[in-house]
Amino acid sequence: MNWDVLVPLLLFLVTIFLIGIWSNKKLKQSKSFLSDYFVGSRELGGLVLAMTMVATYGSASSFLGGPGAAYDIGLGWVLLAMTQVATGYFVLLILGKKFAIMTRRYNAVTLTDFLKGRYESKTVVILAAISIILFLFSAMAAQWIGGAYLIQSITGLSYIGALFIFAVAVLIYVVIGGFRAVSITDTLQGVVMFFGTLLLLIGVIVAGGGIEQIMNDLTTENPNLVTPYGPDGNLSALYVSSFWILVGVGVIGLPQVAVRAMSYKDSRSMHRALIIGTIVVGFIMLNMHLIGVFARPVLPGIDVPDQVIPLIALEVLPGWLAGIVLAAPLAAIMSTVDSLLLLVSSSVVKDVYINYIKPTATRRHVEKVSFSVTAVIGIIVFLLAIQPPDFIIFLNLFAFGGLEAAFIWPVVLGLYWQDGNKYGAIASMVTGIVSYIGIHFYNEAFGNLLGVHTVTLPVFFSLIVFVVMSLLFKRKVELGT
Amino acid sequence: MNKDWRFRISHREALMGVVLALINFLWWYGFAYGLGQKAPEDYTYIFGFPAWFFWSCIIGFLVMVSLVILTVKFLLTDLPLDDREEEHSE
Numbered sequence: 001m002n003w004d005v006l007v008p009l010l011l012f013l014v015t016i017f018l019i020g021i022w023s024n025k026k027l028k029q030s031k032s033f034l035s036d037y038f039v040g041s042r043e044l045g046g047l048v049l050a051m052t053m054v055a056t057y058g059s060a061s062s063f064l065g066g067p068g069a070a071y072d073i074g075l076g077w078v079l080l081a082m083t084q085v086a087t088g089y090f091v092l093l094i095l096g097k098k099f100a101i102m103t104r105r106y107n108a109v110t111l112t113d114f115l116k117g118r119y120e121s122k123t124v125v126i127l128a129a130i131s132i133i134l135f136l137f138s139a140m141a142a143q144w145i146g147g148a149y150l151i152q153s154i155t156g157l158s159y160i161g162a163l164f165i166f167a168v169a170v171l172i173y174v175v176i177g178g179f180r181a182v183s184i185t186d187t188l189q190g191v192v193m194f195f196g197t198l199l200l201l202i203g204v205i206v207a208g209g210g211i212e213q214i215m216n217d218l219t220t221e222n223p224n225l226v227t228p229y230g231p232d233g234n235l236s237a238l239y240v241s242s243f244w245i246l247v248g249v250g251v252i253g254l255p256q257v258a259v260r261a262m263s264y265k266d267s268r269s270m271h272r273a274l275i276i277g278t279i280v281v282g283f284i285m286l287n288m289h290l291i292g293v294f295a296r297p298v299l300p301g302i303d304v305p306d307q308v309i310p311l312i313a314l315e316v317l318p319g320w321l322a323g324i325v326l327a328a329p330l331a332a333i334m335s336t337v338d339s340l341l342l343l344v345s346s347s348v349v350k351d352v353y354i355n356y357i358k359p360t361a362t363r364r365h366v367e368k369v370s371f372s373v374t375a376v377i378g379i380i381v382f383l384l385a386i387q388p389p390d391f392i393i394f395l396n397l398f399a400f401g402g403l404e405a406a407f408i409w410p411v412v413l414g415l416y417w418q419d420g421n422k423y424g425a426i427a428s429m430v431t432g433i434v435s436y437i438g439i440h441f442y443n444e445a446f447g448n449l450l451g452v453h454t455v456t457l458p459v460f461f462s463l464i465v466f467v468v469m470s471l472l473f474k475r476k477v478e479l480g481t
Numbered sequence: 001m002n003k004d005w006r007f008r009i010s011h012r013e014a015l016m017g018v019v020l021a022l023i024n025f026l027w028w029y030g031f032a033y034g035l036g037q038k039a040p041e042d043y044t045y046i047f048g049f050p051a052w053f054f055w056s057c058i059i060g061f062l063v064m065v066s067l068v069i070l071t072v073k074f075l076l077t078d079l080p081l082d083d084r085e086e087e088h089s090e
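Chains D and X are the protein sequences, given in the same order. Counting with the numbering used here, you get residues 1 to 481 for the letters of the first sequence. Counting with the numbering used here, you get residues 1 to 90 for the letters of the second sequence.
It should be emphasised that the hints constitute simulated quantities derived from the structure, not laboratory data. C-beta: ideal position from N, C-alpha, C; glycine also. One thing to keep in mind: the hints can contain errors.
Here are some chain D residues the structure puts well away from chain X; computed CB gaps all over 12 angstroms [unchecked claim]:
| # | residue |
| --- | --- |
| 1 | L9 |
| 2 | L13 |
| 3 | L93 |
| 4 | S158 |
| 5 | L171 |
| 6 | T362 |
| 7 | V369 |
| 8 | G447 |
| 9 | L463 |
| 10 | L472 |
Going by beta-carbon spacing under 8 angstroms, a handful of chain X positions derived as facing chain D [what the hints assert, rightly or not]:
| # | residue |
| --- | --- |
| 11 | R6 |
| 12 | F7 |
| 13 | M16 |
| 14 | G17 |
| 15 | A21 |
| 16 | N24 |
| 17 | Y29 |
| 18 | Y43 |
| 19 | F49 |
| 20 | F54 |
| 21 | F61 |
| 22 | L75 |
| 23 | D78 |
| 24 | D83 |
Full structure from sequences and hints, please.
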């Protein structure tokens, strides 16, 4: 076992636990358990808000799968990854202050709460809760697998052993700390990612003999690697552009991102977060994916894409530095997992249990239910992750795309279009999810429909359905109220 | 419900988000596929990177950061977010 690498990693984990314990103390002092556990009493400042959004979004897909794909595909994949710069400003500006005002007015602590306040419909709430639980479950499984792979490639433990360590670390920490712990460690993790990727990029460039030399080597191997079109020229401009919807603008529809857009303290925090978020997300994405491309001439012949980052770090950096740098993807994965876990459990506890099963629950009772639901969900995901599929990024994108298709219009049009109503919202969510799953399987069998990413068409379908159904039932809603 | 004075401002700011994303997309797409469609042998290189990549991904990122900073400094408005605060202020 490589102690040089392990010591910084362990220190990192310990720091994170300390933050969890500190947050738990604050939680005990707060007036409302639910609001503190799930949105940190809406006290996030600019830096924390920006970092927690970046860290939640920058998950295993961008830290292991993404650079792995860049290793195989070349600069074309970096181009694709740079569509994510938009998430740095788009989500906060579009949901914006109106979302912050409305969620305060509704006293909402989850995305589902917001939809409940806006549409006043039981069906909308149940649909939202079910899709969050269903889709985020698969996203979480993907992240856990990524975390376990990472620990496995650093420590040499068996996959199940690594998975177990990862699961225990995440669970203890989320269960005791809640949202405040999650967002503060996200900040720490964001900082680690920022400098970690920079160090690793420099290490790879030095090992490869400079950027010019690396580009030369890539061109010698296959000139297509330095074009936007992928190694065999098949990566079309249209397909890459359709990722703007998946990882650029559609991110608004992700509940784990939206919940952060309701948790900032004041508009000044939001302004600062816009700037910091854009810089940090662009910087990390650019570095991380360039590392993947540059790793190819330095360390040729890696078969499992998810192992590119750990292997290259161990190759080009001294052990202790590799340990610090590898804390970055581990940080990314943990921070995504902990926010997903929290979100799924908030969905079960707040949206289903308190809304429909036991509205009169006392604080102590809610506390107990929240902690145990969070723990039980974690254990179920652990069991699911024992049999892991190979390519993390696609499992992960499946879940994110489905959620985006379901939520983007009920949220955005719910905010900005007065005539949007529950009929439109219900139809739009159903259409989004059903057509997403349908097109997903079509694309798997026959290649991409119209040459675009799976999420593109469902997002358009759900928009049309939302508008048509809302207008169709407009009279009925007006008569009813 | 939509009479709230804060909503006019937030609607305008949401539009700014759309405009920023459009600029971002055009810059990104224009340089990547405008300069990148040549045969790789004809590529020019800047700081070791192919020109299409340098302009689209590296300069494009810096341009977006500057635009976001300018937007925040000059176009966004400070608003109270709680309903109660709002009643107290003018």
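Results of checking the hints against the structure:
| no. | hint | verdict |
| --- | --- | --- |
| 1 | L9 | 30 angstroms, holds |
| 2 | L13 | 32 angstroms, holds |
| 3 | L93 | 3 angstroms, violated |
| 4 | S158 | 39 angstroms, holds |
| 5 | L171 | 33 angstroms, holds |
| 6 | T362 | 27 angstroms, holds |
| 7 | V369 | 29 angstroms, holds |
| 8 | G447 | 22 angstroms, holds |
| 9 | L463 | 15 angstroms, holds |
| 10 | L472 | 22 angstroms, holds |
| 11 | R6 | 6 angstroms, holds |
| 12 | F7 | 6 angstroms, holds |
| 13 | M16 | 6 angstroms, holds |
| 14 | G17 | 3 angstroms, holds |
| 15 | A21 | 5 angstroms, holds |
| 16 | N24 | 6 angstroms, holds |
| 17 | Y29 | 6 angstroms, holds |
| 18 | Y43 | 7 angstroms, holds |
| 19 | F49 | 7 angstroms, holds |
| 20 | F54 | 10 angstroms, violated |
| 21 | F61 | 4 angstroms, holds |
| 22 | L75 | 10 angstroms, violated |
| 23 | D78 | 5 angstroms, holds |
| 24 | D83 | 6 angstroms, holds |
Hint check: violations occur at hints 3, 20 and 22; the rest are consistent with the structure.
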